[in-house]
Amino acid sequence: MAEYKNLTVKECYKLFKKYNTPEHVIKHCEAVSDTAFRIGEELNKNGCNLDLNLIKVSGLIHDVARTEKHHETVGADILLNLGFTRESEIVRTHMNYRFGDIKDISETDLVCLGDRLVKEDKYAGIDERIDYLIHKPGENIERTERLINAKIEINNYMRAIEKKIGKSIDSLFLPSIDYLLKQVEKPARYTGNEINCIMKDHRDIDVAFAFAFPDLYEIGMSYMGLQIIYNLVNKVENASCERVFAPAADMEDIMRKYNYPLFTLESKTPVRDMDIFGFTLQYEMSFTNILNMLELGKIPMLARDRDDSYPIVIAGGPCAFNPEPLAPFIDIFLIGDGEELLPKIIELVDCRKKKGWTKETLFKECCRLEGVYIPSFYEPLYDEKGRITEYKKLYEKAPDKVKKAMIHDLNMAVYPTENIVPLIETVHDRAVVETFRGCTRGCRFCQAGMIYRPIRERKKENIMNLAAEQLKNTGHDELSILSLSTSDYSEFENLAIDLTRYCKERNVSLSLPSLRLDNFSFKVLDEIQGYKKSGLTFAPEAGTQRLRDVINKGITEEDIYSAVEQAIELGWRHVKLYFMIGLPTETKKDLDAIAEIAKHIIEIHKKSGRGGRFNVTVSVSNFVPKPHTPFQWFGQNSTETFTEKHNYLSGILKIKNVTFNYHDDAVSTCEAVFAKGDRKMGELLIMAHKAGCKFDGWSEHYKRDVWNKLLNEWTQDYKFYVQRHRDYNEFLPWDIIDSGVTKSYLKSENEKAVGEKTTHDCRYGCTGCGVNQRTVCRQGGMYV
Amino acid sequence: MCKYVLSFSKKGYIKYTSHLDMQRLFKRAFRRCGIDLAYSQGFNPHPKMGFAQPLSLGYEARGELLEFETKEPVSKSKIMDELLANLPEGIGIVNFGSILEKKKTVAAAVISAEYEVTLPFSRVDDNIEKTVENYLRQAKITAFKRQKKSKELKEVDIRDKIQKITLKYTEENDVKLMVLLDCGSRSNLSVELVIETFLEFGKLDVERHEIEVCRDKLILPVDYGIKWM
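Protein sequence lines, in the order shown, are assigned to chains A and B.
The working numbering puts the first residue of the first sequence at 1, with every later residue one more than the last.
The working numbering puts the first residue of the second sequence at 1, with every later residue one more than the last.
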């Protein structure tokens, strides 16, 4: 065996001196040496047997002759003459090196990798480094293409190393997370480590899915859908689901200061290194957070700027039913029930990795699935007024219309029983069982009531088991049930009695949201241990019976007053009423009636002779017409009209013991822009992001003036999108999505609304929405 | 009724869980492993369980004390195995015992606490020993303590509440201050005030977030009746 002469660090510096290597080159060499060494060290910890000293010195000496032409050859010859054969070989190849198979990883691979990851004298990571090279003087398409190809090759190699060392290479060069966490409020928002949180070693999985809720931890963790998806994805053996939330302002500042990328709670992996980055779209005002999270993740915001090395960015949830405003940013939208669709997408991403598909191939495979919308496969065409005329398909096999994915029987759907139990207090911190999905009431303003059709109930026995399991596995002392209308569950009385008994025996408090207040409900509420009789809530939504008929809200004044009487009798002290303003056909009379109801309730209390403190809160929200509802064609009131109405209501609601709250009018305008907009909204979102808008759903963070300015400066007229009444024949931006409810049904419902005619609850007979053409409505027509 | 105390450690990410959140966490862990805590009587019953002393957010710990009451006797293995399995990573159970004491709760009995304060290695010079010595030699150490109600800073002398400070070097070349302080209802001192005044006194250029604090132990009077199992 040949004997090698080994170069030392000391000799390297002597050589620098001898060959006049400039200071900045030495700095660069030191960084490369350090980078290669650290990765090598990790590899050795995980079973490799690399010569770390060789890595260190070769990295250090690699650019010794940088000032010369063909510096790698010159440098290599110097070393060879001195007898440093191995170092010389590494230096000779470092400029045109191709990475081989990870199995044969060598010292040369590491030095060259180190060289690719360092920008000047600092570790920069592959994205930043290649980006820097692309934009260096002399930028041209050919060079850019070559660089991107090189990047993909290096990226794949890095992933292979990461698989071996079980952490990302980038993470080796960041300050410790502890260092950041010590400087922020509520650090437990970012640590994970909760009970029932699932940690999978990335070495054992094929698909890493980052599930993002674009709001704070406390909000996201209160959302049951997150627990469902988390459970569902982690059940896939070779996939892991890890959570990501929007960092609060203090954390964001610190992350930006240290150039620390957005990471997942479970393994602290930068989202950039995950395979899928998926967002849940629960409300429009979280959209700017999505852009911010992409930026914090060091992922280009626009889908078209992301090469194949970036994670696939997907999105689902109710706002995906009009995907267009986010179309420029998202690769794949999942429409409908995630339980059905997500595992299939994960399988395809797994396939992609194993077969080496391009992103494009993956998209083509995905769009064969029901519920998948790939925005890059379509181009909206507009008429001269800016109305969409059609979606031109850019890939012929993409579906003409995307049908939502559907779970046909909720009893067959997986539901979590080992929920994550947050370490810090969240908005809702309790066990939750979904009793049914969908709703039969047919309120015409309600998007959830339309897009989640048909009604699908979970069997009572099933609910009881899930509740028991969850309570056992979480240790929660509160249980709630989840649906769009608690009391509509067909076996509600039995369910309520059983749950009450079960909870009472175990010192668990039961919370039953949005009960219809009849005799039975009061009995139940009275039974529930520890139920504070502080607030009783009604949502008449509109002041007059006429307007309630228009919106098909089946609640009468008689219902409210008799419930209030009963409530007062049982000792309730506070009644909360919810209304909407700006509904179709609304007049001044409808607003006046809101005050009448409040007054009447105060009267009832007076007449009851019970005396004492008694309050009525009137909460008014501004109607935002939503896609896929009978009111989707309706133009929203302007911000000014809302303001006028608020002022008017403030006047007539100056009643003793009545409190009046209302939602910000400008927020409602923004909400409508993003609810009803098309692809052009992408531009507006980028403008908002650049202007620092985020957490727009939080009144304390909503930048009213900035938004106002943006809306007015934007090249498009926002009023065209929100205030214009649209024609039945107009092609709507979301017509590309098929919610299962037919357009003709929505049209007839809108006609009936204008004619002040109600439609009955479809448990009393099918009302012909059309969803039963795709599935069985088990509870539809059940009371006929 | 059976009264118990357990001693636990806190290490890693769990140190970012606050005092109140730790209470909820233990309450749930007891529920999950089926240990029925005794409940207080009254309109709003709550489980009889509490920490001897709150621990600040971000501190690690080696011997925190939690006392609790159960209706039925609990075995050591139930605590050491089952309860432990139901606690998040980073919490360890060090010891378990029953309380024989009739008069005082553990919380009321604690007299002192020992902290380990780790300073960043690179920022500490050879004079540190001298600095500690001189720091303690002061007759008066003035610190500013924020008043709970008025939120105003009030000047306090903390010298008498510092029982001892010694230096410890680890194999990793870290420098640790071992700080023994009054702790409990009779006399209490937050280690934060010691850190603050010490950095200032020694003119050490160290940011607070570069310092690690670990509460090593809570000290009870020697005659306090606990039977460790």
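Treat the hints as calculated values from the structure; they're not laboratory data.
Wrong hints could be hidden among the right ones.
Short, incomplete list of chain B residues facing chain A, as computed with Cβ under 10 Å [what the hints assert, rightly or not]:
1. R28
2. P47
3. T142
Straight-line Cα separation of at most 27 Å, DSS-like style, residue types lysine-lysine; simulated pairs [stated by the list, open to error]:
4. B:K145 / A:K182
5. A:K680 / A:K599
6. A:K182 / B:K48
7. B:K103 / A:K182
8. B:K151 / A:K182
9. B:K71 / A:K504
10. B:K78 / A:K182
11. B:K71 / A:K182
12. A:K45 / A:K136
13. A:K472 / B:K3
14. B:K3 / A:K504
15. A:K164 / A:K182
16. A:K182 / B:K168
17. A:K472 / B:K27
18. A:K472 / B:K149
19. B:K203 / B:K227
20. B:K11 / A:K200
21. A:K182 / B:K149
22. B:K11 / A:K167
23. A:K472 / B:K154
24. B:K48 / A:K504
25. B:K11 / A:K268
26. A:K182 / B:K176
27. B:K78 / A:K504
28. A:K235 / A:K45
29. A:K45 / B:K48
30. B:K103 / B:K3
31. A:K472 / B:K78
32. A:K504 / B:K27
33. B:K203 / A:K182
34. A:K472 / B:K203
35. A:K167 / A:K385
Over 10 Å on every C-beta distance to chain A, these chain B residues come out as not near it, computed from the model [as the list claims (entries may be wrong)]:
36. I14
37. N86
38. N95
39. L204
A virtual CB, placed ideally from N, CA and C, is assigned to each residue, including glycine.
Going down the list of hints, with the structure as the test:
1. R28: holds (3 Å)
2. P47: holds (9 Å)
3. T142: violated (26 Å)
4. B:K145 / A:K182: Judged against 27 Å, a Cα distance of about 21 Å means the pair holds.
5. A:K680 / A:K599: Distance of about 46 Å is beyond 27 Å: violated.
6. A:K182 / B:K48: violated (32 Å)
7. B:K103 / A:K182: Judged against 27 Å, a Cα distance of about 39 Å means the pair is violated.
8. B:K151 / A:K182: Holds - the C-alpha atoms of A:K182 and B:K151 are around 23 Å apart, at most 27 Å.
9. B:K71 / A:K504: The hint holds at about 18 Å.
10. B:K78 / A:K182: Violated: B:K78 and A:K182 sit about 35 Å apart, past 27 Å.
11. B:K71 / A:K182: violated (40 Å)
12. A:K45 / A:K136: violated (37 Å)
13. A:K472 / B:K3: holds (24 Å)
14. B:K3 / A:K504: holds (26 Å)
15. A:K164 / A:K182: Distance of about 30 Å is beyond 27 Å: violated.
16. A:K182 / B:K168: holds (24 Å)
17. A:K472 / B:K27: holds (13 Å)
18. A:K472 / B:K149: Judged against 27 Å, a Cα distance of about 41 Å means the pair is violated.
19. B:K203 / B:K227: Since the Cα atoms of B:K203 and B:K227 sit roughly 46 Å apart, the hinted pair is violated (cutoff 27 Å).
20. B:K11 / A:K200: Measuring from Cα to Cα gives roughly 21 Å; hence the hint holds.
21. A:K182 / B:K149: holds (26 Å)
22. B:K11 / A:K167: holds (21 Å)
23. A:K472 / B:K154: Given that 27 Å is the threshold and the Cα spacing comes to 48 Å, the pair is violated.
24. B:K48 / A:K504: Given that 27 Å is the threshold and the Cα spacing comes to 19 Å, the pair holds.
25. B:K11 / A:K268: holds (17 Å)
26. A:K182 / B:K176: holds (19 Å)
27. B:K78 / A:K504: holds (26 Å)
28. A:K235 / A:K45: Since the Cα atoms of A:K235 and A:K45 sit roughly 30 Å apart, the hinted pair is violated (cutoff 27 Å).
29. A:K45 / B:K48: Given pair A:K45, B:K48 is violated - Cα atoms ~47 Å apart, limit 27 Å.
30. B:K103 / B:K3: holds (12 Å)
31. A:K472 / B:K78: holds (17 Å)
32. A:K504 / B:K27: Distance of about 18 Å is within 27 Å: holds.
33. B:K203 / A:K182: Roughly 22 Å separates the two Cα atoms, so the pair holds.
34. A:K472 / B:K203: Between A:K472 and B:K203 the Cα gap is close to 54 Å, so the pair fails against 27 Å, i.e. violated.
35. A:K167 / A:K385: Outside the cut-off at roughly 53 Å; violated.
36. I14: violated (6 Å)
37. N86: violated (7 Å)
38. N95: Answer for B:N95: holds, closest chain A Cβ roughly 23 Å.
39. L204: The claim holds: B:L204 sits with its nearest Cβ about 17 Å from chain A, beyond 10 Å.
Comparing the model with each earlier hint shows violations of hints 3, 5, 6, 7, 10, 11, 12, 15, 18, 19, 23, 28, 29, 34, 35, 36, 37; every other hint is respected.
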